[in-house]
Amino acid sequence: MTALPSAAPDTAAPDAGGPAATDSAPPGPWLLGVRHHGPGSARAVRAALEAARPRAVLIEGPPEADGLLALAADPDMRPPVALLAHVVDDPRRASFWPMAEFSPEWVALRWALDAGAEVRFIDLPAAHSLAAGEESPENEPEAEDGAPDERPTLRIDPIGVLAETAGYDDPEAWWEDVVEHRDGTPGADPYGPFAVLGEAMTALREAYGDGGHARDLIREAHMRQQLRAARREFGDDVAVVCGAWHVPALAEKTTVAADRALLKGLPKVKAELTWVPWTHRRLARRSGYGAGIDSPGWYGHLFGAPDRPVERWMTKVAGLLREEDRQVSSAHVIEAVRLAGTLAAMRGRPLPGLTETTDAVRAVMCEGSDMPLALVQDRLVVGDVLGEVPDAAPAVPLQRDLTRSQRSLRLKPEALERELELDLRKETDAARSRLLHRLSLLGIGWGERSASRGSTGTFRESWRLRWEPELSVRVAEAGVWGTTVLAAATARAESEAVEATVLGEITALAERCLLAELSDALPVVMRALADRAALDTDVAHLAQALPALARTLRYGDVRGTETAALGEVATGLAERICVGLPPACTGLDADGATEMRRRIDDVHTAMALLPEAPEGPTTLRDRWAAVLTRLAGRDTVAGEIRGRAVRLLLDDGRLDDTEVERHMGLALSVGTPPGEAAAWIEGFVGGASGGGMLLVHDERLLALVDTWLTGVPADAFTDVLPLLRRTFSAYEPGVRRTLGELVRRGPGTTGPAPADAGAPGFGAGLDEERAAAVEPLLRLLLGASTHGPGAPLEPSDHPASDHLAGVGK
Amino acid sequence: MTVSEINSAGAGSGVEAAAAEALRPHAEHAFAHELKALAAADDRPRPARWQLSPWAVATYLLGGTLPDGTVITPKYVGPRRIVEVAVTTLATDRALLLLGVPGTAKTWVSEHLAAAVSGDSTLLVQGTAGTPEEAIRYGWNYAQLLAHGPSRDALVPSPVMRAMAEGMTARVEELTRIPADVQDTLITILSEKTLPIPELGQETQAVRGFNLIATANDRDRGVNELSSALRRRFNTVVLPLPATAEEEVDIVSRRVDQLGRSLDLPAAPEGMDEIRRVVTVFRELRDGVTGDGRTKLKSPSGTLSTAEAISVVTGGLALAAHFGDGVLRSGDVAAGILGAVVRDPAADRVIWQEYLETVVRERDGWKDFYRACREVSA
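Chains as they are written, first to last, in my numbering: chain A, 1 to 809; chain B, 810 to 1187.
Please keep in mind that the hints were generated in silico from the structure rather than gathered at the bench.
Predicted, not measured: the structure shown is a model, and the values here were computed from it.
Watch out, some of these pointers could steer you wrong.
[What the hints assert, rightly or not] Sample of chain A residues facing chain B (criterion: CB under 10 Å; computed from the structure):
#1 281
#2 341
#3 343
#4 359
#5 366
#6 460
#7 531
#8 578
#9 584
[To be verified] What the simulated footprint calls covered on chain B by chain A, stretch by stretch (three residues with Cβ under 8 Å from a Cβ of chain A suffice, anywhere in the stretch; the number is not a length):
#10 855–868
#11 899–906
#12 981–990
#13 1104–1111
#14 1157–1171
[What the hints assert, rightly or not] Computed list of lysine-lysine pairs in DSBU-like fashion (alpha-carbon distance at most 35 Å, straight line):
#15 1176(B) <-> 316(A)
#16 426(A) <-> 412(A)
#17 316(A) <-> 1107(B)
#18 1107(B) <-> 1176(B)
#19 1105(B) <-> 316(A)
#20 253(A) <-> 270(A)
#21 268(A) <-> 426(A)
#22 412(A) <-> 270(A)
#23 253(A) <-> 268(A)
All residues carry an ideal CB built from backbone N, CA and C; glycine is no exception.
Generate the whole structure from the sequences, applying the supplied hints.
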């Protein structure tokens, strides 16, 4: 555990209980108590090690990692990295020991490797801590040194107590003032800080005992044993780097027998360790495995800056803001430094800390606004640093988990490309599909979806599989996300959801989450989706997102996943569309209107798929119909959209024929510009939506079109011609021909239904003879009992569609 | 033994008598005893010509109890950080710009800062669209000018000029309402700390202790945006809106009560629910997120400040009193809310309807409010 913040202290107490010697070279072993991830501690550790030059360095951490320590010197190893220990058969049980460049443990490790000293980890073996951690969270081992937020309240936070004693209400601020901001004055006693902090911790432990960290006693017993072993080997020429909290325990005099007794009979599992890359962002994460420091970037800066940290920090901030096109001059930097210094003085702090610098940046460089400040927080205070691990590091548990899944699902990774057809109704196939979807979420492109050949049913999936060697690298990279494919994919999806900026990205992600059955990630994704939808002012985006969601809902049904939350979000999205659509449909040009009409079509289809909440006097579909009605009746809405709205309402049976006729009459009356009217017709009957059939069947509508068309003035006719051509050329040839015949017959027949059955039209009259001809086939299709052998279709020059349509009428 | 004490000892009796009669006494008079007690207890270093140390100024604004038992009332309720940054800014001789929507106590804070720092909050330039350059630099006494020609005697110094000469804190209210060319006169004053008087071939140099506090409204843009040259000379502190709904409900109801009494409106005992509702609606739309933090919302273009919430409730009370049954109901405030929220008829209306449909409709006990809003929005 190297990770947690904790306090730092002392070395001084030379071990066997001797009083802390503060002289230039106190006798070893040197106990260097640190705060995990404390740059001040790191610097002090380096100074102390330089001064003492011990032959062996013992570090708090899992001893199984000893074999991996040499990798830390590898040029390809770049912090932040983490030691990862996991149970061999169960990668989900894992612990991380993150190390950043400014971690004292990392500094000690690198110093020892560079100086050729023996280096060992001396904490309780991960085999025991993982076994014990079965019932408690994985980060148990890290917990001990005091990350304030992660532990139950009865555990004491040593730094918090010390800060409180010193009259600080913020432990971080106290720590910064007392330790991190101490100048490394040349010539100062390199052991001084450790002595002081060690004494403080000793006092604390006298007062609080184990402070609620009961497992510490066992760990400390193990550390003492290891220390004894090292001293047998190297004499007193040994330095120990551990959490300050443990220093008094290591200095304590106990008997070997007592320690042995403590360590007896500990549960054990088989554990494996490796290095994994880490990020600053994960260091900043308070929950989970994170080490729980808020400002790794700031700490890294404090550690890296040779001098004048505040001035350098402000310059960095100014640089970042300039990159983002904010005007920040050197004068700003000067004033910010001055303000930070004065603020610190006023608050009685020796040097400006992160709070003061942040306040100063806000007031001077950001004009009091928090928005650019958020950028500084994200990019500098936390930072984007990504660690790297050399290839020689052992395989990550993710790879093992993958291998196991591959074996159990009988999916061999083969370089040869092959097709895989999955039937999602089968258990194994569904599991295979999930695995492939999860991998693709992780960027491990082993399988690629291909168009289904056999069936178009939603329960079928086709994949093209091909294992490329570099995919192993991808697996290793994906190791940062988690130790199992499921956990990693979940973490990745959650992070993508949070980072996505475009609504469409998140809906796509939601779809993939359902396909991959990442039910844990779904709430996060849904939340992001709802947020993004709420803020998106472009109805077009919402309209684009809804169909995907509706589709996702249906997939969810097929796979039996929980989709209630998804349904809720989709409904919310639909509500927003209902509200925002009418204003968005006004003032569009022709292309915009066509685009919008397509969107409305999609939304209309999607609306039908949404679950209908039983609440309220009006249902969602009612409201959607009301929106369409409003669109249909509003003059400022583009003609194409009005026409389509009327059509959709007609198809849904929400408008009767008379109403439709009224609408059409209005749209096609003389007062309407011909272009607008033609667009209306396109919207109403255009496209492959079977609009032609409508005209064929309703002579009144056809007559309206006919009348209007003949009334179009000659000079306007050439304008509307392309549009009309587009509308009518999309019809099937049969429909076109019938329409033509109907028109040729002339509008004179619009009166009572044409009685003569032989007429080629489709009026109210029925052509008994032709109807009888298709009847047997229809019976066959509908599964009704047939009488007599089906009469063969009468050879006819009419396309079949005409017949069927005619009968249908 | 601060200057203020000497001042008040000398001119004290007359000034204080006048202050007692004043409808609204200046901060340095109203809280004279607190300032005196602070100055007595204050042993920290004071910048030149400051009446108090920066620490004591912060205490004066934020409140506290002095060792001698004097209770300092809080003048500003809000984040400590804001006050600390503001005071520190003045101590670093940078000008201070207080930004915030109306009703966030900008003027109040600036008056108390000036009172605590310089013991005088009256060196004030009120910014308006008609504020001339003379109000910031100097004017002339034309009778003198014509009779004796240009001289120091004929010159009428502005509050800013006086503050420079005496090392005091000057205040400029509503800086963004002042025309841009007039604003820019401040640049020389703030960067060179001098005010040239070309007519006399002289200048007035600021002595130590001079500083300037400006206030501006950061929501109603389109007035006179500060030039970046001027902006650069200010440290900016944004005064936030009330942090919690309870705090805001409290402010609104107290103020509504005061206003109602002066307008002789009958008290509406049942009105608390509606006030809470108005504040909730305003806060949610303003913050762009529902009170439970679960749903994000779009924010309309209006300010939706506490001050507007107060006027909506007052208007509703008047409606209820004169045209209703005297009880403040949803219908009485609905129209007022609509007016405050929908400033831009196109975009804001959509935002409002979205809010109604996705948030208000589902909320328990808000049915009547939803119906009332639907009625007025239709």
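Here is how each hint holds up against the structure:
1. With its C-beta approaching chain B no nearer than about 23 Å, residue 281(A) sits outside the 10 Å limit, and its interface hint is violated.
2. A cut of 10 Å between beta carbons decides the hint on residue 341(A): the least distance to chain B is about 9 Å, and the hint holds.
3. Checking residue 343(A) against chain B: minimum C-beta separation of about 5 Å stays under 10 Å; hint holds.
4. Checking residue 359(A) against chain B: minimum C-beta separation of about 5 Å stays under 10 Å; hint holds.
5. Restraint check, residue 366(A) versus chain B: the minimum CB separation of about 8 Å is within 10 Å; hint holds.
6. The interface hint given for residue 460(A) is broken, as the beta carbon of that residue sits about 37 Å from the closest beta carbon of chain B, more than 10 Å.
7. A cut of 10 Å between beta carbons decides the hint on residue 531(A): the least distance to chain B is about 4 Å, and the hint holds.
8. Among the interface hints, the one on residue 578(A) holds; its C-beta lies about 7 Å from the nearest C-beta in chain B, closer than the 10 Å criterion.
9. Below 10 Å, beta-carbon pairs count as interface contacts, and residue 584(A) has one with chain B at about 9 Å; its hint therefore holds.
10. Using a Cβ-Cβ cut-off of 8 Å, 3 residues of the segment 855–868 of chain B lie near chain A, which meets the minimum of three, so the contact claim holds.
11. Using a Cβ-Cβ cut-off of 8 Å, 4 residues of the segment 899–906 of chain B lie near chain A, which meets the minimum of three, so the contact claim holds.
12. Only when three residues or more bring their CB closer than 8 Å to a CB of chain A does the claim for the segment 981–990 of chain B stand; here the count is 0, and the claim is violated.
13. Residues of the segment 1104–1111 of chain B lying with their CB closer than 8 Å to a CB of chain A number 4, which satisfies the three-residue condition for coverage.
14. Given a C-beta distance limit of less than 8 Å, the hint that chain A covers the segment 1157–1171 of chain B holds, as 7 residues qualify and 3 suffice.
15. Of the supplied pair hints, the one linking residue 1176(B) and residue 316(A) is violated, its CA atoms being roughly 53 Å apart against a limit of 35 Å.
16. As the CA atoms of residue 426(A) and residue 412(A) are separated by approximately 19 Å, the hinted pair is consistent with the 35 Å bound.
17. Taken as a hint, the residue 316(A) and residue 1107(B) pair is honoured in the structure, with Cα atoms around 34 Å apart against an allowance of 35 Å.
18. Taking the CA atoms of residue 1107(B) and residue 1176(B), the gap is about 22 Å. The hint holds against a cut of 35 Å.
19. This hinted pair checks out: residue 1105(B) and residue 316(A) have alpha carbons roughly 33 Å apart, not beyond 35 Å.
20. A distance of roughly 32 Å separates the Cα atoms of residue 253(A) and residue 270(A); the hinted pair therefore holds under the 35 Å criterion.
21. For the given pair, residue 268(A) sits about 39 Å from residue 426(A) by alpha-carbon distance, which is inconsistent with the 35 Å threshold.
22. For a cut-off of 35 Å, the pair hint linking residue 412(A) to residue 270(A) stands: about 27 Å separates their Cα positions.
23. The hinted pair formed by residue 253(A) and residue 268(A) meets the criterion: a straight-line CA distance of about 27 Å does not exceed 35 Å.
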